[in-house]
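Input sequences plus hints: build the corresponding full structure.
Okay, here's what each chain looks like letter by letter:
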Amino acid sequence: MNTSVKKIFTVSPSPHIHSEGSISAIMYGVLIALIPAFAMSLYVFGLGALVVTATAVVSCMLFEWLIQRFLIQGKLTVFDGSAALTGVLLAFNVPSSLPLWMIVVGSFVAIGIGKMSFGGLGQNPFNPALVGRVFLLMSFPVQMTQWPQPLNGDFFADAVSGATPLAFVKEGLSKGDSISDIVPQLPHMFQMLTGGIGGSLGEVSALALIIGGLYMLYKKIITWHIPVSILLTMFLFTGVLNLVDSQEYMSPFFHIFAGGAMLGAIFMATDMATSPMSPVGMLIYGVGIGVITIAIRVFGSYPEGISFAILIMNATVPIINKNVRPRVFGAKK
Amino acid sequence: MVYTFPKGGIHPPDTKLAAAESITTLAVPDMVYMPVSQHLGVPAKPIVARGDEVKVGAKIAEASGFVSAFIHAPVSGTVQKIDKMMCASGFYQDVIVIKTNGDVWEETINRTDEVISDISLSAEEIRTKVLENGIVGMGGATFPSHVKFIVPDGKKAEELIINGVECEPYLSSDHRLMLEKAEEIFVGIEIIKKAIGVPVAYVGIEKNKPDAIELFSTIAEKHPTITVIPLEVKYPQGGEKQLIKAVTGKEVPIGGLPIDAGSIVHNVGTVFAVYEAVQKNKPLIERVITVTGKQVLQQSNFLVRIGTPVQQLIDAAGGVPEDTGKVIAGGPMMGKTITSLNAPVTKGTSGILMMPSTESKREEMANCIRCGKCISVCCVGVEPYLLMSLAEHEMVDELQEHAVMQCIECGSCSFSCPAHRPLLDYIRLGKNIVREHTKKKK
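So the protein lines, in turn, are chains A and B. My numbering applies: residue 837 is where the first sequence begins, and numbers increase by one. My numbering applies: residue 11 is where the second sequence begins, and numbers increase by one.
Hints should not be assumed to be uniformly reliable.
Unchecked claim - Just a sample of chain A residues kept apart from chain B, beta carbon distances all over 10 Å, derived:
no., residue
1, 902
2, 976
3, 1010
4, 1025
5, 1124
What the hints assert, rightly or not - Partner residues are not named here, just some residues of chain B that face chain A (Cβ under 8 Å, in silico):
no., residue
6, 347
7, 365
8, 368
9, 371
10, 430
Claimed, not checked - List time: in silico DSSO-like cross-link candidates among lysine-lysine, alpha-carbon distance up to 30 Å:
no., chain 1, residue 1, chain 2, residue 2
11, B, 452, B, 165
12, B, 17, A, 1158
13, A, 1168, B, 450
I should point out that these hints are in silico values taken from the structure, not numbers from a laboratory. Note that this is a predicted model, so its numbers are computed, not measured. Positions of the beta carbon are idealized from the N, C-alpha and C atoms, including for glycine.
The following block contains the structure:
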C-alpha cells in the first residue's frame, strides 16, 4: 500500500480485458464433443478403435513437433490441441482395422502436407484430416474399404469385414437390383441412428455425433449454418430424387444417417480454418458440400463422397470470403 | 419490450464493483492542473497569466473556434504557471497550474442543492450558457456540447436520446448520477429539448441498472414527452450510433452524423452539467469519477474538481493496491493507460481503474485460425482480421475499400480473438495510414 514506492505500470492500447477464449479452449472443446462418438466406436468396434485413435493422435502430434522443431524452427504449438484433434478426426475417418503403419503414413500426410507445409494452424486451405484420409483412400483402396462389422460390446472378438450400408446400396444398384430388394437387407434406421452399423471408426453413431454437435453449439464453437445447410441440402436433393424414382434412389433419411454425413457435416466441414467466416458464406459452402456429396454418392463411382465434397468446397472458401462480406453499418440498403 | 442493436456486440463481465457506493465529495486539492485541451477540437486559449488570482468558476481559457470549449478555474487561488505536462491522454499538453487558496466561488454561481425546474431562458440563451460554461460530452468523446445544440440547415431533429447506458465494465459514475441526481437530469433533458426544439426524448438505460430504470420511469410519468427505454445489456451499446439504432431502429449513414438520422444524443453526465450551467450558472469544474479495481480497498464514486491529480483520487480510495500492473483512465474496453499518476483528471475522465498485474499483460498472439469471431462481434460490419493484414502491408486503397474508417474502436474484436491477435491496434494503424494518405493527396 506504500504509494511512495515507484511503480512501473504497463502501458498499452485498449482493450485491457480479454474474453479469455483461446485456441486450445476451442480445440479441446471439439475433442470433448467427440467423446460420445468415440465411446460408441469403442462399443461397436472394440479395442481396435482405441489403438487406431491413439496411434493417429500420437503420430500427428509427433510429426507436428518434429517439423516445428527441426524443419521450420518455429514456435511449438503441439499442445494447443489442434494436432491431437487432427489425429482423432483422421482416425474417425478410417476403418478400425486399418494397419497401424498406414495410420502413421496418413498422419504424416495430414500434418506434414495438409497443415505444416502451408504454415501451420490456420494457414492450411484444406482440412488436414481429410487430406490424410483421401491420401490413404487413393493409396490403399483395399484396406481403406474393408469395414469391420460391429462387435457391439464384444471387445476382443476378431473383426469380420463387410460393406457399409452406402457401399451395399451402390453395389446392389449396379447389379440392377431395385431399392425394395436392397432395403430389407440393410440395417434398420434405428441402428443407423444409434450405431450398430459398419463404417469408419467415428461415423457409426449419428446420435452420438449429434450430441457432440449440440455441445459445440452450446459452447459457441460452431454455429448451426454449416451442419444444417449440408444436411438439409442432402435431404432435399435425395428427397427429390427419391420422389422421382423410389426404386432407383434411396430415401433422404437413409442418406443423412448413412456414412460420413453426420461426421462430415458436424465435425469436418466446420473446421474453422477451412470454412467461410460469414454466416452467408457458410450457407453457400454447406449447400455446395451437400450437392457434391449426393452427386458423388448417387452418380459417381464411390459409395461415399462427403470427404471429396468438403475438400472441393474448401478450395472455394477464399473466393467465398472475398465475395460474401458483412454489410457495413450505415451503408445504403 | 427490451431493445438492443442487432449486429455484433459482446458481453464482457460487468464487474461494476462501485455501483453501490454513493457519490462522495473529494477534498479540494492543493494544486490543480487544467489542460487547455480537454475536449475534441481546437485547444482553448489561456486568458490568465502567472500570478493572477482566480475564483472557482472563473474563465481561465477561452474557446478558440466553433468546435472548442471554455475552461474554468476549478479552485480558487493563484495561477502559478502554464506549462507542458504529461496528461492522461498520453501526450504532453499545455496545462494551467493553479495553487489553491481557500474555496472562494464566483458570486454568480448558485451553490444550493435546490432543484430549479422552471426553464426561464430562451433557446438562444441556453446555447450561450452551455458554450460559456464549457460543457462538453462527458461520456468520453468530450465533443463540445453547444455544437450539438444547433441543428444544421436542412436537417430535422426528430428525437433527443439520452445515453444512460454506461456499457463499459467497472464504471458506475453515470449510474450513481442517475440515482442521486435524477430530478436534475430530467430538468436538464427538458432544457436540451427546448434548446434544440425537439418534440420527444428517450433515455436509454441497460437492464443491469434496474434501480435507475425504475426511478427514471417513475419520474418520467410527470414528463409526458420523455420515455425511458430499457436496453438489453450489450457492449458497445453506449456508442452513439449503436444507441440510436437500439432506441429508434434508425441507422446513421456512413460518414454522417446522428442528426442525419434525425437524432441527437447526449450523455446523462452532460445533461446534468447542462442543468447546472443553465439553472445554477455553474461551469463544468467538477464531475463524478469512479475509482475501482478488483483489489482497490474502497470502491468509490467521487465528485472531483477537474484538474485534480489522479494520485489523489487513488489515495482517497485506499491507495494503489500492491499488485497493480496497470492504471487506466476510463473503462477497460476503451480507456487509456495512464503513464504518470500526477496526470490530472479531465472533463472526459469517467473512471480510474486499477488492474492487477495478472490481468495487465497481453497473451502472446498466435496464428489467425479464421474462426470469424471478430467479424461476428463487430458492430459496424467490418472484417477486423482482414483489416489487420491490410494495415500490416499498408494497403491504403484496400483499407479504404474495406471501410477501415468506420471502426469505432470499441475493441470487441481484440477482446474476442481466441488467438489474442491485436486486431484493434492494427486497425488504428490502418486508420492512420489512410489519414496520412488522404492528407498527402490534398
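Margin query: residue 371 (chain B) was flagged as interface toward chain A. Is the shortest Cβ-Cβ separation under 8 Å?
Written below: holds, 6 Å
Check: Was the hint right that residue 347 (chain B) lines chain A, CB cutoff 8 Å?
Finding: Holds, about 5 Å.
Note to self: Confirm or reject: residue 1025 (chain A) is not an interface residue toward chain B, with every Cβ-Cβ distance exceeding 10 Å.
What the structure shows: Fine: 35 Å to the nearest Cβ keeps residue 1025 (chain A) off the interface.
Checklist line | residue 902 (chain A) non-interfacial with respect to chain B [C-beta, more than 10 Å] | finding: holds, 19 Å
Note to self: Just to be careful, I want the Cα atoms of residue 1168 (chain A) and residue 450 (chain B) compared with a cutoff of 30 Å; is the pair within it?
What the structure shows: holds, 29 Å
Notebook entry, point to check: Taking the least C-beta to C-beta distance, is residue 365 (chain B) closer than 8 Å to chain A?
Noted result: Given a least distance of 6 Å, the restraint on residue 365 (chain B) holds.
Margin query: Given a cut of 8 Å on the nearest C-beta pair, is the interface hint for residue 430 (chain B) held or broken against chain A?
Written below: holds, 7 Å
Next item on the list: Could you check that no beta carbon of chain B comes within 10 Å of the beta carbon of residue 1124 (chain A)?
Entry: holds, 18 Å
Margin query: The hint names residue 368 (chain B) as touching chain A; please verify it with the least Cβ-Cβ distance against 8 Å.
Written below: With a minimum Cβ separation of about 11 Å from chain A (threshold 8 Å), the hint on residue 368 (chain B) is violated.
Margin query: So residue 1010 (chain A) supposedly isn't at the interface. Is its beta-carbon more than 10 Å from every beta-carbon in chain B?
Written below: holds, 40 Å
Margin query: Hinted pair, alpha-carbon criterion (30 Å max): residue 452 (chain B), residue 165 (chain B). Please report holds or violated.
Written below: With Cα atoms ~29 Å apart, residue 452 (chain B) and residue 165 (chain B) stay inside 30 Å; holds.
Item checked: Status of the stated non-contact between residue 976 (chain A) and chain B (beta carbon gap over 10 Å) -> holds, 31 Å
The structure does not agree with numbered hint 8 stated previously, though it agrees with all others.
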